[in-house]
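**Student:** Single-letter residue listing:
Number of protein chains: 4
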Amino acid sequence: MVNVGIVGGTGYTGVELLRLLAQHPQARVAAITSRKDAGTRVADMFASLRGHFDGLAFVAPGPEALRGCDVVFFATPHGVAMAQARELLAAGTRIVDLAADFRLRDPAEFERWYKVPHACVDLLEEAVYGLPEVNREAIRKARIVGNPGCYPTAVQLGFLPLLEAGLVDTDHLIADCKSGVSGAGRKAELNLILPEAADNFAAYGLRGHRHLPEIVQGLNRASAGPVRLAFTPHLTPMIRGIFATLYAPLKDPGADLQALYEKRYAGEPFVDVMPPGSAPDTRSVRAANVCRIAVHRPPGTDLAMVLAVEDNLVKGAAGQAVQNMNLMFGLPETTGLGAPPVLP
Amino acid sequence: MVNVGIVGGTGYTGVELLRLLAQHPQARVAAITSRKDAGTRVADMFASLRGHFDGLAFVAPGPEALRGCDVVFFATPHGVAMAQARELLAAGTRIVDLAADFRLRDPAEFERWYKVPHACVDLLEEAVYGLPEVNREAIRKARIVGNPGCYPTAVQLGFLPLLEAGLVDTDHLIADCKSGVSGAGRKAELNLILPEAADNFAAYGLRGHRHLPEIVQGLNRASAGPVRLAFTPHLTPMIRGIFATLYAPLKDPGADLQALYEKRYAGEPFVDVMPPGSAPDTRSVRAANVCRIAVHRPPGTDLAMVLAVEDNLVKGAAGQAVQNMNLMFGLPETTGLGAPPVLP
Amino acid sequence: MVNVGIVGGTGYTGVELLRLLAQHPQARVAAITSRKDAGTRVADMFASLRGHFDGLAFVAPGPEALRGCDVVFFATPHGVAMAQARELLAAGTRIVDLAADFRLRDPAEFERWYKVPHACVDLLEEAVYGLPEVNREAIRKARIVGNPGCYPTAVQLGFLPLLEAGLVDTDHLIADCKSGVSGAGRKAELNLILPEAADNFAAYGLRGHRHLPEIVQGLNRASAGPVRLAFTPHLTPMIRGIFATLYAPLKDPGADLQALYEKRYAGEPFVDVMPPGSAPDTRSVRAANVCRIAVHRPPGTDLAMVLAVEDNLVKGAAGQAVQNMNLMFGLPETTGLGAPPVLP
Amino acid sequence: MVNVGIVGGTGYTGVELLRLLAQHPQARVAAITSRKDAGTRVADMFASLRGHFDGLAFVAPGPEALRGCDVVFFATPHGVAMAQARELLAAGTRIVDLAADFRLRDPAEFERWYKVPHACVDLLEEAVYGLPEVNREAIRKARIVGNPGCYPTAVQLGFLPLLEAGLVDTDHLIADCKSGVSGAGRKAELNLILPEAADNFAAYGLRGHRHLPEIVQGLNRASAGPVRLAFTPHLTPMIRGIFATLYAPLKDPGADLQALYEKRYAGEPFVDVMPPGSAPDTRSVRAANVCRIAVHRPPGTDLAMVLAVEDNLVKGAAGQAVQNMNLMFGLPETTGLGAPPVLP
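Protein chains in written order, with numbering that gives the first Met the number 0: chain A, 0 to 343; chain B, 0 to 343; chain C, 0 to 343; chain D, 0 to 343.
Wrong hints could be hidden among the right ones.
Copies of the same chain are indistinguishable here, so a pair counts whether it falls within one copy or spans any two.
[Unchecked claim] Simulated pairs of lysine-lysine, DSSO-like, Cα-Cα distance not exceeding 30 Å:
1) Lys262 / Lys250
2) Lys35 / Lys186
3) Lys140 / Lys262
4) Lys186 / Lys250
Hint data in this document are derived by calculation from the structure and do not stem from the laboratory.
Predicted model only: the values in this text are computed from it and were never measured.
For reference, chain A alone in the conformation it holds in the complex (with noise of 0.2 Å):
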């Protein structure tokens, strides 16, 4: 049994974890932080948990919090993670961070793109980037895990097999990506309420949004050289889902993409290649920890296409983490993470 600690756990990343780990049969919430809400019960919050993690409610930050953790997930803003992580490896305790502390290996990108600098670079050096689907073999020996943001999981597993067989022109690729509200957190803003964004679609993000360089990071390694990419992010008037329309630029016109891409995520057990002509929507990966991709060549032009759904809370955020804990913990990897999505 895997005792795990929550950090932040009133926003969507946090109260998803929750949702996810209350079905898995070898973790147990052990503690649940939260500055503003220490004291509160967890059921008393969400109603939705009501019956599940009936004694647990949130409790003061601090190193007591945590004592005796096996995991602890950081479900905070970035800044939060790279604070305390010196003191919970200390204590043995391993890190899965939902933020984005431990995602770009670069700390002079990360203090670009978040305007602090990084607190701990020697950890950030150690910190595996956490795709499975990449880097599997180092996750399961990881103390620390940057879990990926939602557009780059997306953005990467659709583009990795074009990239890593060196089949496309890398100086032209597009992400054209549409987020449901969800993406945006748990937050008060003005943009997000109902009035605002039911009934609307509207692009954001459009000086630079702060998954691009993770994104970059992710589909250099991928083709071993840079790239360059136009990522364009929408908000799009759904709850959760995010759907990845990329295009790329075919050096060679007769590649056999379904093949390509069959192969390469062969036994994967979160990554499903649809069969050839597929129109994947986001509603097929609702509530589930899977990412469906589907492969195109648009007619009369020498593109392909790709798209990539998947669920921003799930296999763009605490599936994913899950996934993860499972990597590290020694445990098959889809334990209490095969609950078919909710549809309709």
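Since chain A is already given, all that's left is putting chains B, C and D on it; use the hints.
**Tutor:** Here is chains B, C and D on its own, set in the frame of chain A:
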């Protein structure tokens, strides 16, 4: 292991049964029928089920199709279960009908509302109404269970404690109910398409909805006398969920309603009486087999007001059907039904 | 040409006033104030208004700002209009308050619900409640109009004919109301963000909503005696619209309710009594200044049931305010309000 | 006063024509036809139109029905307009077809995509493509106008300045488009019902959407040479709106795109080039006849990215049709089209 057959698995209650049974450790889906889609793999129709039920395909209906099933769920329009019930029972198969064939005790009432005579009045007499909170012991032994409708589940669970205790004037009951659109079924109807149903709120069924006699039958039983009920269904622009706002004039304004409800539902695994002052919402039960109830006294009135929420496809349909199956086969009642609601 | 000032134009009632006044041939917006956004052009805050009001920018509030206006609309929280009313009137400017300062006749009642003493009791006495279907002649001459709340408009218009005719038991009135989220205002609040409010249905304000005393005041007047009302507001996942389902026990079950309603509202330009058996929906009034009403007799009961729909931002707020302005300035009542609803 | 006939007025473009013409001071709807609903009053089918068009009922199609009309709008599936065009022209009636019969210049291309031969190739030759920003003068004199499709309007207006100026590599154009569900028409189809389409995002038409040849025809003309275009339509869970995200590799990265767009569309009443850095959203054009465009340079790339939004039923259909009618009859182009968008 319970061998399960599903008749008519292409509607929302059918696919929801599949979703729930995929997680059920003591049941396996042995056969699923569909006249129109025989030969299609289940996972080809519902991409959400890819990786689950991989060997399962729809087969044409008929006695062969369901041979060897311990229980058959009818996720069909009314009229199908009563046509096949006798043969299945003869083969030793038990039945849970998610449609209306075995809900109304009075065959004349059935004929009045469904415009066809009942096909097997003797079996109707034997059938048990599948509301475990009322009929638990009878369900355990039943060969045929008439699984309650979605509105009737919420309205009955909401009213029962008041009626059983004789606390209200049963001549002036009101059930003002709001349903998500999936309650209308997986049907290509103009009023259900998104541009008609979204950003819209409408009443319907004002001349008499088919769930009215089912509700009245249950309330009459609980109050041991005839009730008069105004039942107003409304369509609200969401996928899943029923919200029932119930009003009844109190005979004794001093009654402790909170205690009454807590006592009535103590120990019930799937009815959650919320703390005093609570305002339940449908998302707190989304995708889970639970009915949450809050009891109120509107200021300045002599009314009791009860708010009851459920997921129309789970506690209002497929989840309750699995709960009934668990009872019928001596399994713990909560088997396979433990996943928390999906929030957000 | 009526010179219009708007105080507090950055909320939903403010921007809706701008939308409606853009189409009004006899009014022009001379000034619009906002403390926070002074200096910002209106069309820079609301892209929908680009090309309209091109010269108009928010100015800081203050007596100078509104000098020369024939009428000032207060699209503010409560408390603002009563603080500025005296000065405006002294300058010959008339007032339409879309907040609550001039709705409740009784200053003690105002203080009880709004937690501040009323700032100008004499003006409150003079003010006219701006429901044209009740107070048309008084509105024409009024210097101050208290524009009704959104729920109160729908509930009063729905109940009035029954109460004025003395046909119902006024001790057991029920108003089960459903509102789109814009009714809560343009506010960054957590429960209003799309992932909380979409695919969800919730009750709120169960301890007493501020619109309750306003509704009761109007119903008391209509029935010439005190009524008892249960008023239950619910939040439904749509942008605009109010749906009121009203119940009242009939004293005389033989009354011709359809004729009663048609007669009461004959000639009313903005109340539409629908044919017998109709089920109104909110989209049939979206963005238009109309309240549609259908009257029903739920089968098996002695109740009258009235269904009333309106757009909370139009007939429930800004549209009714313009209707009142038209009356106050001797314009045809429908001026600028003729555009049909937006459907779909 | 222009006497207007509408053929096929029961779909979304038909009812939108009615909504817009209700506000048009120089046009009156003289006749509206529907095979299926002949005899039904327009306001009985669309409650939103109660109080407008009170004398207007659907009549059976046929030459008599439209006698005396100055112009007839075809709001029908393809194939209807070309069957009736000759007779109407002979009677002196002009035609605006909102379907596809008069959009594609090449009858072979029409037959290839619509699977029927074109019925009147000579009239096709005479017809004018109704994009006023390109063909204004020809439209004024046209007897037949082929009103552009919804996607083609947004994509062409978005790309035109770049192509006309020869600034981009026309071999690698991408139009990643997102449409609200009303774009699919008022049809009872399973994939359009709310439980399928809400809280979901999907691609469709991946083997070639019928709007592709229309778009390519327009882009070829603008670039004076053949373009290669990937056009990916997606369905987003909203009622109205199209959002087009367009990508094109710049030949000259130093070009001043903002100035280019502002100059190209200077004086255009219904194309709004937004300020640099803007992120348009579809609600800023909801229910109004405007296309808003923002031009961007994605960081780190050599691409131009253009964001274009419109209401698919207005500038993408009925509004543009009225704009064309205004031109054809010598009215000011903006007549009847001045209402601001509906926000929220």
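**Student:** Output the indices of the hints that this structure fails to meet, ascending.
**Tutor:** 4
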